[in-house]
Every structure is written in structure tokens, then in C-alpha cells.
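Given the coordinates of chain A, work out where chain B should sit on it, guided by the hints.
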Amino acid sequence: MIETPIWAPDIEKASRDELRHLQDKRLRSLVKRVYEHVPFYRKKMDDLGVEPEDIHGVEQIHLLPFTEKQDLRDNYPFGLFAVPQEDIVRVHASSGTTGKPTVAGYTAGDIQVWADLMARSLTCAGVTKKSVVHVSYGYGLFTGGLGAHYGVERIGASVIPVSGGNTERQLTLLEDFKATTLCCTPSYALNIAEAMQKQGITLDRLHLASGVFGAEPWTDGMRCKIEEMLGIKALDVYGLTEIMGPGVSMECVNNQGLHIWEDCFYPEIIDENGKQLPNGQEGEIVFTTILKEGMPLLRYRTHDVTTLDDAPCACGRTHVRMKRVRLRTDDMLIIRGVNVFPSQVEHVLMQIKGVMPYYQIIVDRKQNMDTMEVQVELDSRLISDTVREIEQLKTHISHELAANLLIRAEVKLVQPGSLPRTDGKAKRVIDRRRDEGENSCSKR
Amino acid sequence: MYVKQISVFIENTPGRLADFTRLLGDHQIDLISLSIADTTTFGILRGIVKDYDRAVDVINQAGYTACLTDVLTIEVPDVPGALAKVLGILSESGVSIEYLYSFLRDGGKEAFIILRTEQIDKAYETLKHNHVRLLSQEEVCAL
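Chains A and B are the protein sequences, given in the same order.
Plus 22 on top of the position in the first sequence (first one is 1) and you've got the numbering used here.
Plus 35 on top of the position in the second sequence (first one is 1) and you've got the numbering used here.
If we strip away everything but chain A, and leave its shape as in the complex, we get:
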């Protein structure tokens, strides 16, 4: 059994019954608050004929309305806040690739809780007072940077608030400041690892022991690569701006899924019709922010697909574990009628020697046919000087993709280093069909 420090053992190791009792109490109070202070929820509940008194605890949560991302947009920017503006001490917003950004407001209490939850999460990765934590998440409206930052400070470790960008400088700082933990997106971690190899910086010059990576779905293959290249334990942190930011759930060193901090977020798994599914069944995860004050949400639909497991974990934490998010229903592409997830492409590429985990999917429509091109970067260390070997590699990738995606994709091999690198979330998909649609709308 692996022993790891636990930040708040009283709550993190509370019995399931104690947790349930706390959730019931907090949910009752939340429902009253939103009914009284958020007109949007009052109307939704009135429409469904539900009164706050009907909710005795999480047993009745299915009676409550769902909240969709669109509801946040419709109430842009502050329409879902449950407290007066004067009680809001901070506002964050998500990048919002389509339409307006989604906004979240926090009270001083929310910021405290968030720092505590991030402290719990970072402790899962072995961060202690003695650690030096290098934060390459972007600082600003994005929740990543400040979220991680406050958690590190809460623990009392040293935080290096580098934010994103300038990978060479990141490397210098990592080495000189002797960082022990790195916080960033998994794609940026790879980026850093690659730059390190390029500059001939060997692992013994770094002091890194762990990484806390999140803000985008990633695969186990990518984890192995990062762990190997950086010589660290790479762990997954999960969160969404709408719910709080990073630290909604966090993986412990046992790699058995991410512990959801259930005293603050009540999770449900639902099917496509919105019906609750039992633990162990795969579906969309939905969160109710039972402790939030600034912008609490009832049954927020994340579009992230996962399963829940509340079997005891070797780390001693009792909080339910969600499987790492492999699929985001938001990211799903429908190509010639087949559902394709970008993470499937990543999964395939990870198994193939000679290519890098960077890829870009270009979806287009030619003569009324959907086309899918996967641009794959060759690994500069394994690149061949013969056409035969490169063609073989290309054919191999095509076959593997076809076998896994059930759809034929054109593979295009591109030069090492030529696909866009990012210090935030990677842009993996260019859907020209969608772009066309948007153009035609704007002409109207």
C-alpha cells in the first residue's frame, strides 16, 4: 500500500455516511439559496413544480433542473450570481472558443475553499511545505494559474508563478529554482520535455518529482511519455471554470481515477436522456456545487464522459473516484456519420514508434463528402532516410487509425516541430465544415 500525505484527513477520510450527511445538509441550504437569490433557478424550479422543501438531501437531487452551458451564456455575464456584486471578490472566465466566454464569480469564502481544495489536490502529488512548485498555467481570466497558485500558497510551499509562454525561459527557471513539481497542461508538459531534449538538458539537472496536469483530456500513453521524458510522476487534475477551476477532482498516486472532493461537489452520472446511472456505468458527469456562494450551479452538465467508483482506495481517501476523462462529448466530431473523438487519434499515435504525440485533425467537405486528414509529426530521433520506411510508417498509422476509428483517414506526415505548439490548451481540430457554416451565417 502506498502511503501519501493527506492535506485534510478528517474530511478526506471521512466515512461515506458522514460525507452523505454533509452533502444532504449542504444541498438543502444551497437549494434554498438559489431559489431565493437566482431568478433563473426560481423560474426553472417553479416550471418543474419543485420547491426547496421537497429536497431533503441528495436522494431527491434528480428532481432539480439541469444547468447547461447555454444557460450561462444566456445569463452573461453575471446573471447567475447568487450574491450581491459587493460580495464578489474575483471573476474568472473560460476561453470560450465559440461565442461569449462563460463567466464565474467567487466570494472570499469561495476563494478560501478553492485554495483548500487545490491544497488537497497538490498534496496528492506529494507537494509539501518544502516543495517548489512551478506554475506554467496561464495567469489571468483562465482559472489554471491563479487556482494552482493559491493552492501552493495554502500549503506553504514556494510558488513560482511563471505563467505560460517562452519555453526556453521556463527551462532555465525550472533548473535554477530547483522546482520539484510542475503544473501545466499535459500538452505543454510535453512541449517543455521536448525543448529540454533539444537543448540537451539532462534529467539530473532538474529536481522535478511530480507534475499536476489538467485542463484538457489526455491519455495514459501521453502520461507514460511525459513521465519518461521528465522523469516524474504525472497526475491528472480536473476542473472547470463553471464549477470552480482546477481542483474539482484529483488523482492520487495509485492512478485509480480522480477523487472528487465530494464535500463540495456532488457528482452524478447520467445517460443521454438525463437519467441517473449507477456507479460503474459510463455516462456524462454532472456536478452540483453544494458549497459555493458566488455562482452555485445545480446539476451542471459538463459533457465529460466518465464513470464513478466509490470502492476504497489504497491512499485512504474515501471520496468517490471518477475515471480520467477520455471523451468530451463537446469534442466529438461526426465524420461521414461516424463519431470520432480527437483523443482516440492521440491514443493510436501513442502506440506507434517513430511519431510524436502532436497531431492535428483537419476535417473538410469535398464534393459533399466529409474528409478527415490527420497530420502527424515524425519523431526527429527516429526519422528514416528511406522512402520505404517512411511510407511503411504512414501505412501503419493509416491502418491503426482505421481499425480504431472505424473510418478511413488520410495521414499526412509533417516535419518534426512543424505542428503548432501551445502553452495552453492544444488546438487539435480544424473543422472547415464548421467554418463554412459560420461564414454563411455572418453573411445573412
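Some hints here could point you the wrong way.
What the hints assert, rightly or not - List time: in silico BS3-like cross-link candidates among lysine-lysine, alpha-carbon distance up to 30 angstroms: (1) B:Lys144 x B:Lys39; (2) A:Lys35 x A:Lys47; (3) A:Lys35 x A:Lys65; (4) B:Lys39 x A:Lys434; (5) A:Lys416 x B:Lys39; (6) B:Lys144 x A:Lys375; (7) A:Lys449 x A:Lys220; (8) B:Lys163 x A:Lys255; (9) B:Lys157 x B:Lys144; (10) A:Lys54 x A:Lys66; (11) B:Lys85 x A:Lys220; (12) A:Lys449 x A:Lys434; (13) A:Lys220 x B:Lys144; (14) A:Lys54 x A:Lys151; (15) A:Lys65 x A:Lys297; (16) A:Lys91 x A:Lys54; (17) A:Lys255 x A:Lys388; (18) A:Lys375 x A:Lys416.
Treat the hints as calculated values from the structure; they're not laboratory data.
Below, chain B alone, put in the same frame as chain A:
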């Protein structure tokens, strides 16, 4: 005894080759020999240069990826049938060739063949044994 060949993967897009060769020119990198294997979507440029370590640095810093491979450089008389004779020797000893290309220097009587095979040791011994002249890195660079 072997000669280092530089190879570079180049995407098949307009202007790419011009850009690449300009890069070499700007850095005073002299191509002694050059060959390009092309497909519809990519090409592999291969060549022998003087000072290959510097060339690799220049190429990599410009965002391309250069690889070094050991190849053989063979001298054959510039007359019909000379190449066939050398290849016959290799084929008889079971050496298969991945690719080869030739170059001439200053209108001499000899042609030079760059030869790439997976069985480079065996190829080298066989040719040596049959008195075929093989050039060293220094000799190629001095041509």
C-alpha cells in the same frame, strides 16, 4: 571508412526546396553530392557535405531535422557497364541496396556512387575484397 550522409525530411509544398537550399547557401554549406527521393506528399533530400556537424546544426536550428547515415562512396570508371559490375559483385554476395545515386566531379574520368545498404559492413568487405575503390570521408571532401 564510411562516409556520413545527411538526410532531411521535407514536406512537398511549393517553395520548400528553394527555402532549404537557400539556407545551405546562406551558411556557405557546400553540397558535394545531392539526391532527392520524392513522393506526392514528402521528399527526402540526401547529400554529402563538407563539415556535416555544422550542417546538422544549421539545419536543425532552422526547424528542419537532419539525420546522419553511414553510406559507402565508391569510385567507378565513367564507362558503360562499370556500375553493373560493382552491383553484380554485391548482388552475388547477397547484399541488397536501399538506394544509390551518383555524382561526377570536374569532368574527370571517374564517377562516384553513393550507396546505402542495411548491410554496410558486409558490402564494404566484399567491395574491398574485389578491389573496388572506396573513398573515406576526407577523400570525398577533398574531391
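Please flag the earlier hints that this structure goes against, numbers listed from lowest up. 3, 6, 8, 13, 14 and 17
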